Amino acid sequence: MTSQLSAENLTLFRGDRCLFRGVSFALNSGELLILEGSNGSGKTSLMRAIVGMLDLEKGAVSWNGMPVAEQRQVFHGALVWTAHRVGLKADLTLVENLRFEAALRPQGSDGLETVLERLEISRLKPLPLRSLSAGQQRRVALARMLLADVPLWLMDEPFTNLDREGRALVMQLVKEHLDKGGMCVMAAHQDVEIDAPVKKVILQ
Amino acid sequence: MTYSERHMPGLLSGLIAVARRDLLLAWKRPGDVLNPLFFFAMVCTLFPLAVGPSADQLTFSGPGVLWVAALLAMLISLNSLFISDFDDGSLEQLLVSPQPLPLVGLGKTISHWLTSGLPLVLVSPIVAITYRMPGDVVIVLMMTLTLGTISLSLLGSIGAALTVGLHRGTALLSLLILPLSMPVLIIGANTVSLAAGNETYSAGIWALAAYAVGTLSLAPYATAAALRISNE
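Residue numbers (the numbering used here), protein chains in the order written: chain L, 625 to 828; chain X, 43 to 274.
To be clear, the hints were calculated from the coordinates, so they are not data collected in a lab. The model shown is predicted, which means the values in this text are computed figures rather than measured ones. Cβ coordinates follow ideal geometry from the N, Cα and C atoms, glycine included. One or more of the hints may lead you astray.
Per label pair, the in silico range of CB-to-CB distance [claimed, not checked]:
no. : chain 1 : residue 1 : chain 2 : residue 2 : range
1   : L       : T784      : X       : D74       : 23 to 33 Å
2   : X       : P72       : L       : N688      : 15 to 25 Å
3   : L       : L751      : X       : Y263      : 55 to 65 Å
4   : L       : K823      : X       : N77       : 50 to 60 Å
Assemble the whole structure, with the sequences as input and the hints as a guide.
Okay, here's the thing in structure tokens:
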């Protein structure tokens, strides 16, 4: 089954200020959408609008041809969003956090061990998240993504706090996800090189 | 490989997971649980020192003091219901999870009641002894407090969800939910007074139970709507 995420003429105001106007795109299985723009250009707001947290002035986001607003639960069951903040509890350990996440959305066949091994964080298992570095916490957020069995990945500045190997790993994971028929929306202010179909939305 | 909804977690799994996670967090940070409890015990023990230890006066004022202290202790604990989730971004993760938001909010409220309402109910007999409350009245006190704190947790979750985006929303939170919690306070305190005066009090228990059922059926939806507004 292929999936499609599309947006028609998205316009968002915050107060009197217009953040973006007339943003449209259509994203199919196996494609990467990059949201480009300088700081404050509305990349994060656009992403929040896509997941349905912000009310749009005009336009609508559709998932598999149906407006997201009419099938919020189905759409949310098909995505994982790695936001600017990792959204994990600092007092819980990595495993406790990921177990909690696993109860929320469909889970893939890859076990926790495999995923932690892949992200090179398995030795951090007994530690509370508080004692992990920012980059390590990012990796835990990536683990949430890998564990979920969902077609749509939304990544807001996924390279923040990651070292060189970490950044390469992100691109590798995205590539594998796209090859499996997944799709990915990524907000980035640096150039992204990937051997896959790429679409771009440039925000002023 | 295809993606399907076949292994979508069930409807209640989000509620259970959230409640369990919050209980685990409370276990790791017992201070948050103990603070309101200390406040309750302190107000209740300071009062006799201020008004004098005469038996008549204490039996007369006991129900009211215990109930006001319980209400304020609940208010103190409510403030932190959604704040930490809001600050670390896990609230927005919950908002975009496929779990129904009213049930997620209810899960948080259940764990809030278990860590703030239930301890108050359990401590109340010890405090009631200082007010020379007889055993059968203590049981009525515990019953009214149980039903009352359930309503207060649920009502409070609406206020906490509405004020989570505003920093320092404590005063506003109290203003928002005090009017709704007045009936609980009035009925609760009067029921205990009636029981202490050997009069029939069952109507009060029923009224509190009805209020708790009412809030249980309506508050989760209001909380969910408030959370969406606060996270815009």
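Tested hints:
A C-beta distance of roughly 30 Å is found between T784 of chain L and D74 of chain X, which places it inside the suggested range of 23 to 33 Å. Checked against the given bound of 15 to 25 Å, the beta carbons of P72 of chain X and N688 of chain L, roughly 47 Å apart, lie outside it. A hinted range of 55 to 65 Å for the beta carbons of L751 of chain L and Y263 of chain X is inconsistent with their spacing of about 38 Å. Checked against the hint of 50 to 60 Å, the C-beta distance between K823 of chain L and N77 of chain X comes to roughly 52 Å, which is consistent with it.
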